[in-house]
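Trainee: Chain by chain, the residues:
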Amino acid sequence: MTAPQRPRPARKRALHKFIPGLINCVQFEEFMVNYFEGTLPPARRMSFNAHLKVCRECRDYLAAYKQTIELGKAAFENRDGPLPDDVPEDLVQAILAARNTPG
Amino acid sequence: MDDAPIRRNIQTTGETAVAPVARAAPMSGDLENSTLLEKLRAGDDEAFEQFVRQHSGRALATARRLLRDDAAAADCVQEAFLAASQNIGGFEGRSSLATWLNRITINQALMHLRRHKAKKEIPLDPLLPQFDDNQCRIEPALHVVRTVEDIIADAQLKDMITKGIEQLPDEYRVVLLLRDIEEMTTREVASTLEISEGAVKTRLHRARSALKKILEPLWLEYGP
Ligand SMILES: [Zn+2]
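Top to bottom, those sequences are chains A and B.
Counting from 113, one number per residue, gives the positions in the first sequence under the working numbering.
Counting from 205, one number per residue, gives the positions in the second sequence under the working numbering.
Among the clues, some could well be false.
To be verified - Simulated pairs of lysine-lysine, DSS-like, Cα-Cα distance not exceeding 30 Å:
| # | chain 1 | residue 1 | chain 2 | residue 2 |
| --- | --- | --- | --- | --- |
| 1 | A | LYS185 | B | LYS362 |
| 2 | B | LYS367 | A | LYS185 |
| 3 | B | LYS367 | A | LYS178 |
| 4 | A | LYS185 | B | LYS324 |
| 5 | B | LYS321 | A | LYS185 |
| 6 | B | LYS417 | B | LYS321 |
Unchecked claim - Sample of chain B residues facing chain A (criterion: CB under 8 Å; computed from the structure):
| # | residue |
| --- | --- |
| 7 | SER260 |
| 8 | ARG269 |
| 9 | ARG272 |
| 10 | ALA278 |
| 11 | HIS316 |
| 12 | PHE335 |
| 13 | VAL348 |
| 14 | LEU380 |
| 15 | LYS416 |
Because the hints were derived from the structure by calculation, they are not lab data.
Using N, Cα and C, we set each Cβ at its ideal position, and we do this for glycine too.
Work out the full structure, taking the sequences as your base and the hints as a guide.
Mentor: Below is the structure:
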């Protein structure tokens, strides 16, 4: 069991020197929008994936980000179901009455 | 029009009588829908009631999510059905009646939000990703080990998620709800909110990032 490790920028900087074209975390962040829209061009997607291989921070971030999207959807599920029990009858009646009220 | 009668506390209503017609509603067969549509266009009262009973549940849920206020949501749903009733002639059937009504509800809710600026909004910036001087991300070790189903099954955690979304500033929260929850396309959200598609993408990304930060305890507590 080890304490959470601090980022090691020195090592990452060294990697950038040896692998030209490797994007940094800020660029990775900028690519994310189009990555999730499915509109990231193939060359950029390669850079995106290459960055993930060398960057623990972005890997963790992306995994949590992906689960966040799924959690948001799941927390609000059943939106397409039939009439839920909590639609009050008086709301239904108010709508019906309002429709028959001129003006 | 006096809107007093429709202001009520929905949460206290509890179990309500629901007419059998709503229960029996199938997941909208085409034939059934076209018959209902013809009757709605003819101004048939029974058809309108069936329409209300079939679709008010989803409409109310949508309005509640967007407005975070049950009374305002009820008003919004009423306005949406009235608008639908008046504009049914303009419904071209390119989408389902359910989708059409939901869009009207969303538009009503957005109008309400524009009129009533939210009071308690948290600033977004502290929740956005942080980078150091070397453009390296500053991120604690996160462990995504539990499934979405496991997390959602825990009422407290589910509450943390919905509350987390509710906290987001309106301009971000609305984009997140429309894109991720209502499953509208980027283009649809852009035209609904009258902003560029680029702005939709940026706001969606920021909203998701901020929500991820709010939910961070989920991934912190399970160390290696
Ligand atoms: Zn990175």
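Trainee: It remains to establish, for every hint, whether it holds in the given structure.
Mentor: Now for the hints, and whether the structure bears them out:
{"no.": "1", "hint": "A/LYS185 / B/LYS362", "in the structure": "11 Å, holds"}
{"no.": "2", "hint": "B/LYS367 / A/LYS185", "in the structure": "13 Å, holds"}
{"no.": "3", "hint": "B/LYS367 / A/LYS178", "in the structure": "19 Å, holds"}
{"no.": "4", "hint": "A/LYS185 / B/LYS324", "in the structure": "23 Å, holds"}
{"no.": "5", "hint": "B/LYS321 / A/LYS185", "in the structure": "25 Å, holds"}
{"no.": "6", "hint": "B/LYS417 / B/LYS321", "in the structure": "24 Å, holds"}
{"no.": "7", "hint": "SER260", "in the structure": "5 Å, holds"}
{"no.": "8", "hint": "ARG269", "in the structure": "6 Å, holds"}
{"no.": "9", "hint": "ARG272", "in the structure": "13 Å, violated"}
{"no.": "10", "hint": "ALA278", "in the structure": "5 Å, holds"}
{"no.": "11", "hint": "HIS316", "in the structure": "16 Å, violated"}
{"no.": "12", "hint": "PHE335", "in the structure": "6 Å, holds"}
{"no.": "13", "hint": "VAL348", "in the structure": "4 Å, holds"}
{"no.": "14", "hint": "LEU380", "in the structure": "7 Å, holds"}
{"no.": "15", "hint": "LYS416", "in the structure": "4 Å, holds"}
Going down the numbered hints, you'll see the structure goes against 9, 11, while the others check out.
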